[in-house]
Amino acid sequence: MAEAAIRPAALDRARVLQWMQTYGVYAGVAVLLVVNIAVTPHFLSAENFRTQAVQVAPVIIVALGMALAIGTEGIDLSVGAVMALAASVTALYLGYGLVPALLTVAVFAAVVGLANGALVAWVGVQPIVATLALMVGGRGIALVLLPQLKDLHNPALASLGSGDVLGIPYLIVIAAALALLVAFVIRRTTFGRQLLAIGDNRAAAKLAGLPVRRVLMLVYVACALLAAVAGVLATARLQASDPTSLGNLMELSAITAVVVGGTPLSGGRVNIAGTVAGAVLIQLLTATLIKHDLPPSWTQIAQAIVIVLAVYAARGRGKR
Amino acid sequence: MTATRTETEETVARTEKELLDAAEPVGSSRSERLSALVQQHGALAVLVIVSAVASLSFDSFATGDNLSNMATSSAFLAVVALGMTFVIITGGIDLSVGSLFALGGVLAAWGSQYGTLVALLLPMAVCGLIGVVNGLLIARSRLAPFIVTLAAMLGARGLMLSLTDEGANTYLVAKGSFLAELGQGTTLGLGNPVWITLALFVAGAVVLRRSRFGQHVYAVGGNEDAAALMGAPVARTKIIVYTLSGVLAGLAGALNAAWLASGVTILGNGMELEAISAVVIGGTLLTGGLGYVSGSLVGVLLLKVIQNVINQIGSLDSSYQQVVSGAFLAVVVIAQTWLGRRRQLL
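Those protein sequence lines, which keep their order, are chains A and B. Number 213 in UniProt numbering belongs to position 213 of the first sequence; there are no gaps in the numbering. Number 43 in UniProt numbering belongs to position 43 of the second sequence; there are no gaps in the numbering.
To be clear, the hints were calculated from the coordinates, so they are not data collected in a lab. Just so you know, not all the hints are guaranteed correct.
To give an idea of the interface, some chain B residues facing chain A are shown, with a C-beta separation under 10 Å as derived from the structure [stated by the list, open to error]: (1) 54; (2) 57; (3) 146; (4) 164.
Dumping the calculated DMTMM-like pairs for lysine to aspartate or glutamate here, alpha-carbon to alpha-carbon at most 20 Å [said to hold, decoys possible]: (5) A/206 with A/47; (6) B/304 with B/59; (7) B/304 with B/65; (8) A/291 with B/59; (9) A/291 with A/47; (10) A/291 with B/224.
In this text, a Cβ means the ideal position worked out from N, Cα and C, and glycines have one as well.
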């Protein structure tokens with residue numbers, strides 16, 4: 001922005017928008033950090049950063065899966081329901097120990113992912129509708145399995161939620177590790193390249209002999225598994241399974257993080273660093289408004305404005 | 001098939017054929033007609049069967065009271081689904097309707113102190129305005145409908161909450177006012193909202209089928225570029241459908257507030273999904289270009305009948321309704337895709 005002000009000739013809307021799309025999210029995070037450090041009391045403390053980071057970790061994990069789905073020109077609306085399902089299943093199978101419970105959660109999530117993937121890849125339903133069915137039905141299944149909030153008393157689960165290594169909470173370590181893993185998969189593996197090729201042009205990818213259906217199935221399975229991880233971690237942090245409200249509106253937060261982070265909804269490109277920054281941006285925005293005693297409704301309005309600005313900046317790039 | 005054909009040519013021809021098959025399933029005209037019939041009236045058949053089974057199984061299903069209650073509680077969703085039908089036929093989607101429904105209810109209850117006219121017009125105007133903004137961003141700035149209306153969903157709910165002290169303040173509709181009578185009174189045994197809804201559906205069907213605007217709605221959804229080349233006002237049509245969707249969601253919220261005698265702030269969550277489900281179940285294609293107003297009404301009734309049946313069983317928790325709705329939506333969508341003549345490529 002500053003550069004454009006100095007050189008009026010360069011006040012080229014397309015370039016400003018392009019800069020905004022790639023770096024806007026980091027600029028936003030930086031601005032919010034500086035403003036908060038300047039005006040918010042007790043903002044610059046290890047305690048506060050820890051709280052913010054632990055709160056944002058599940059959003060980041062869900063957003064990673066969402067970024068994969070959006071990279072294929074898809075979307076996964078069922079992530080919030082998968083989180084609820086993960087919470088229910090964890091509560092039901094925790095009696096057999098943490099590991100069997102987590103494996104059962106993984107199986108449930110994989111089944112949801114396979115169902116989504118099959119609808120998208122084999123039946124050819126648009127992703128938004130295919131995953132809408134499980135968004136509605138998935139939370140229903142979660143509530144059928146566990147009708148109300150249940151307190152969990154399991155030392156292993158508790159330590160997963162509140163323990164740390166070298167002072168860094170497990171939640172943050174897991175989120176960071178998963179972000180690196182997903183970024184590696186996107187950039188360095190055949191699967192990642194195939195995913196982006198499909199998102200860029202599905203028909204061309206098919207004609208080029210790429211295993212379109214298999215890749216799409218894997219993407220939706222990965223998205224569901226990541227959402228399940230987030231659901232388990234959130235449950236571990238709450239020390240309670242809450243299928244009624246866990247993951248509500250999570251699909252919106254995740255999509256916002258991905259879009260704000262510079263990944264176009266039209267597929268073919270995925271920006272993992274931006275996605276993480278996008279999730280952090282929304283978290284900081286919420287925290288800023290809350291810490292200044294502004295009503296939560298303002299957060300929603302602010303988030304709405306951020307989404308529109310982000311997609312407006314992304315406009316015109318890639319396919320329409 | 002000539003003998004001189006090279007292997008490469010055959011490969012190319014085969015690939016082309018595969019692509020054509022994927023795009024345009026071949027079939028006799030009879031099976032095509034059958035598909036179209038199932039597409040258009042499948043939901044109605046299921047509704048009749050479910051209702052028949054329900055009235056045989058439960059004594060309390062086919063009673064006047066129960067049917068009248070179901071009709072009234074369907075009315076509000078139906079009005080929202082009517083607007084959604086127009087939007088989906090243009091190939092778009094409107095996720096903001098649930099929030100606009102809640103906002104409309106709060107505005108109507110607040111406005112009722114200034115008279116019925118204000119209570120009805122204010123929500124329609126405000127929600128319509130949000131619809132105009134949606135339409136402008138989608139049609140003029142060419143942003144994805146899904147993401148624009150998602151933002152509007154958040155923004156409208158935020159606006160509604162800030163009007164009600166974060167949901168703590170519930171405005172009431174005065175007893176005995178004309179607005180309360182409009183929402184709670186009955187005419188010929190059916191609630192007034194039901195009659196209003198039926199009138200809106202008749203008007204909607206006439207507009208969609210018989211007006212130039214209706215033709216534009218289908219044309220834009222069928223093929224936007226072709227519609228533009230033929231001179232249809234693509235942007236204007238889109239702006240109008242999103243405005244219409246906003247106005248109808250606001251009106252539905254206002255009627256619901258009149259019925260409940262208050263502007264309840266927790267309503268409308270997930271209503272966009274119910275409305276989309278109803279429209280899709282009713283045979284409207286999400287890819288746009290094909291759809292029926294009457295189908296959406298049938299879709300709403302089907303959802304409400306299923307909900308009622310699950311309540312009648314009693315031992316089943318209401319969360320089963322979500323499972324059934326989700327499963328039902330999946331089945332319908334799969335069937336639509338297989339029956340549909342305009343399949344996506346691949």
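Q | Unmet hints by their number, sorted upward, for this structure | A | Per hint list: 1, 2, 5, 8, 10 violated.
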